[in-house]
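Chains W and E, in that order, give the protein sequences.
For the first sequence, UniProt numbering assigns the number 1 to the initial residue and increments by one for each residue that follows.
For the second sequence, UniProt numbering assigns the number 1 to the initial residue and increments by one for each residue that follows.
Among the hints, erroneous ones may be present.
Cβ pair distances, simulated, as ranges [stated by the list, open to error]:
no.: 1; chain 1: W; residue 1: V27; chain 2: E; residue 2: L73; range: 34 to 42 Å
no.: 2; chain 1: W; residue 1: Y68; chain 2: E; residue 2: T411; range: 37 to 45 Å
no.: 3; chain 1: W; residue 1: T29; chain 2: E; residue 2: H174; range: 42 to 50 Å
no.: 4; chain 1: E; residue 1: V85; chain 2: W; residue 2: R116; range: 32 to 40 Å
no.: 5; chain 1: W; residue 1: R116; chain 2: E; residue 2: E136; range: 19 to 27 Å
Source of the hints: derived by calculation from the structure; they are not laboratory data.
Even for Gly, the Cβ is constructed at its ideal location relative to N, Cα and C.
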Amino acid sequence: MAGPALGISLAPLIRSSPTLSKIFTPVATWYAGGSLYRQYGLLYDDLLIEERPEVQKALARLTPRQAYDRAFRIKRASHADVLHAPLPRELWTKPEDDVRYLLPHVEGVVAELKEREKWDTLTVERK
Amino acid sequence: MLASRASVRSLARRSFATVVDNAGVKVAAVDTNQPTVSITVLAKAGSRYQQKPGVAHALKNFAFKGTEERSALGTIRESELYGGVLSSTLSREHLALTAEFLRGDEQFFVNVLASVIASTKYTRHEFQELVLPTIESEVNALHKDPATHALELAHALAFRSGLGSSLFASSHPHITAADVEQFAATAFAPGNIAFLGTGISQSALSSLVQSTIKFEGAGSSAPSSTPSTYFGGETRHEAHGVPQTLFIGFRCLWCPYSRARLPSPPTSTRPPPSSGPAARPLCSRLLGRLFQAVHLPYSDGTLVGLVIQGPTAAAVRETGKAAVAAFKASSSVKADDLKSAIAKAKFRLATTADGRAGIVDVLGSKVLAGVSETSLDASLSALDGVTADRFNKAVSAITKSKPTFVAIGDTQSLPYADELGL
Chain W
1 MAGPALGISL APLIRSSPTL SKIFTPVATW YAGGSLYRQY GLLYDDLLIE
51 ERPEVQKALA RLTPRQAYDR AFRIKRASHA DVLHAPLPRE LWTKPEDDVR
101 YLLPHVEGVV AELKEREKWD TLTVERK
Chain E
1 MLASRASVRS LARRSFATVV DNAGVKVAAV DTNQPTVSIT VLAKAGSRYQ
51 QKPGVAHALK NFAFKGTEER SALGTIRESE LYGGVLSSTL SREHLALTAE
101 FLRGDEQFFV NVLASVIAST KYTRHEFQEL VLPTIESEVN ALHKDPATHA
151 LELAHALAFR SGLGSSLFAS SHPHITAADV EQFAATAFAP GNIAFLGTGI
201 SQSALSSLVQ STIKFEGAGS SAPSSTPSTY FGGETRHEAH GVPQTLFIGF
251 RCLWCPYSRA RLPSPPTSTR PPPSSGPAAR PLCSRLLGRL FQAVHLPYSD
301 GTLVGLVIQG PTAAAVRETG KAAVAAFKAS SSVKADDLKS AIAKAKFRLA
351 TTADGRAGIV DVLGSKVLAG VSETSLDASL SALDGVTADR FNKAVSAITK
401 SKPTFVAIGD TQSLPYADEL GL
C-alpha cells in the first residue's frame with residue numbers, strides 16, 4: 001500500500017486562498033457536473049479506492065444507514081454500467097447531495113495512524 | 001485500654017481532614033508521606049442510577065478514551081511516560097476514575113482526569129471499536145465466575161430495580177454512544193463528583209482542581225435512583241464447566257455498617273471480600289467448608305449472605321444445609337463469641353482503610369454525601385454498639401424475612417431453598 005490513502009491534493013491550498021478559490025470554484029463545479037459519476041447516481045466518496053486498510057477501517061465506521069445507502073448506490077451504478085446507459089435524469093446525484101460522507105472518517109483513521117507512529121517512535125527528552 | 005487509644009490516634013490520621021467545596025466539586029485529600037500519589041474522581045453514577053441497562057458499565061469502559069485534548073492512545077502513552085496507572089471501577093453506587101502516579105506529576109494527571117470528565121467525545125466509532133469489545137469480554141468473564149454472577153442475580157432478586165440493576169451490561173447491549181454521553185452529562189455534573197487524593201495535600205489538590213476544572217453553567221441535574229425495597233426470591237441458572245454455586249442471602253435489617261453509610265468496595269469483576277459481623281460467628285462454625293460470607297452495604301439497603309461453592313451438587317447441598325442450620329442457631333450467640341467477631345470486623349474495616357484504594361472506598365462516599373465526619377473512627381465506633389442481645393434479635397428477624405436464593409450450575413441436582421431448611 002504505497003502512498004497516502006487520499007492521494008495528493010491541491011484543494012487545501014486553493015481553499016485557503018480567496019483569489020484561487022474564486023477562480024477554481026466555477027471550474028470545479030462545471031467539472032463535477034460533467035463527470036459521469038453523478039449521472040450514475042454515485043457520490044464522490046463512493047469513488048475512493050477502498051482496497052486500502054485506512055479506507056476499510058473508515059468504511060467500518062459508517063452508520064448502518066450510510067453503509068446501506070453506499071452499497072445500494074454502487075449496485076445501482078454497476079447495473080446501469082452493464083446496460084451501457086446512465087440513470088434517468090431524476091436519479092442523477094444533485095450537487096447539494098454530493099457530500100463527503102467518508103472523507104472525515106478516512107482522515108480520522110489516517111490521523112490516528114500518524115499519531116500511533118509518533119508515539120511508537122518518540123524520543124523522550126528529560127528536562 | 002492503652003492499645004485502643006493508640007489505634008484511635010493512628011486512625012485519626014487516616015481521615016480526610018477537611019472537605020473543600022470548589023464550585024460544587026468536593027475535594028478531599030490525605031497525605032501520609034507515601035511515595036506515590038493517587039487521585040480518584042468519585043461520581044455518584046453507579047449502576048443504580050442508570051436510565052438504560054448497561055449504560056453505567058459502558059461509561060466505566062468509556063473512561064480515558066478520546067477527549068478534546070488528547071486521543072485514547074495519547075492518554076495511555078503519555079501516562080506510561082510518567083509511569084502512571086489509570087483505572088476505572090464501577091460499583092452499584094459509584095463510578096471511580098483513578099490515576100496513580102509518582103509524586104511530582106500531579107499537574108498532568110489532574111489534567112487527564114479533568115479532561116476525561118469534562119470533554120470526552122463519546123464518539124460512535126470508539127464505542128464500537130474499543131468499548132463494546134471490552135464490555136463483551138467482561139460479560140464473558142462474569143459467566144465464567146459463578147460467585148460474581150450469583151451476586152448479580154441475587155441483587156436483581158433482592159432489590160429488583162435501583163440496586164437490583166446489574167453492574168454488567170448484556171454482551172450485546174441496546175445502547176448507543178449517545179446514551180452514554182447523556183448519562184455522562186448527568187454523572188459528571190458539578191455537585192455529583194468529588195476529587196479524592198492520597199499522598200497529596202488538601203491545598204495542593206484543591207488549587208490544582210480549581211485551576212483545571214471549569215464548569216459552564218449550573219450543570220444538569222444529578223442522576224436519581226428509587227429508594228431500595230427488599231423483595232427476595234429464588235432463581236436457578238444452568239451453567240457448565242464452573243463450580244456448583246449457591247448464594248443464600250438476607251436483608252440486613254439492623255446493620256451497623258449501613259448506619260455508618262459505607263459503600264461496598266467498587267468491584268465489577270470480583271465479589272467483595274468484606275464480611276459483616278453478622279456473618280462472622282458462622283465462619284468459626286463452618287471452618288474448612290467451601291464458602292465465603294459476603295456483606296454488601298449500600299446507602300439504603302444491605303444484603304448479607306453466603307456464597308457456597310463446590311465441585312459437586314451433593315457437596316454444595318451438604319454445606320448449604322449446615323450453613324442454614326448454623327445461621328438459624330446463631331440467634332443465640334454468646335457475648336464472648338460476638339466480641340471476637342466485632343474485633344475481627346473492626347480489624348477488617350481498618351485494614352481496608354489502610355490501603356490507598358481502601359481509604360477511598362471507605363470514606364469517599366461520605367465525602368460525596370457531604371458528611372462532615374469523615375474519619376474512620378465513626379465507622380468503627382458504630383460497630384461498638386453491637387451487643388449480643390441486639391445481634392440475636394437482628395438474626396432472628398433476618399431468618400424470618402424472605403431469603404434470596406440463587407443456584408448456578410447443574411440445576412437438576414442443586415437444592416432448592418426449602419430443601420435446605422430456609
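For each hint, the structure was consulted:
1. W:V27 x E:L73: 34 to 42 Å: Between W:V27 and E:L73, where Cβ atoms are some 40 Å apart, the hint holds.
2. W:Y68 x E:T411: 37 to 45 Å: Hint holds: Cβ distance 43 Å, inside 37 to 45 Å.
3. W:T29 x E:H174: 42 to 50 Å: Holds, at about 44 Å.
4. E:V85 x W:R116: 32 to 40 Å: Roughly 21 Å apart at Cβ, these two residues miss the hinted range, so it is violated.
5. W:R116 x E:E136: 19 to 27 Å: Check passed, 24 Å falls within 19 to 27 Å.
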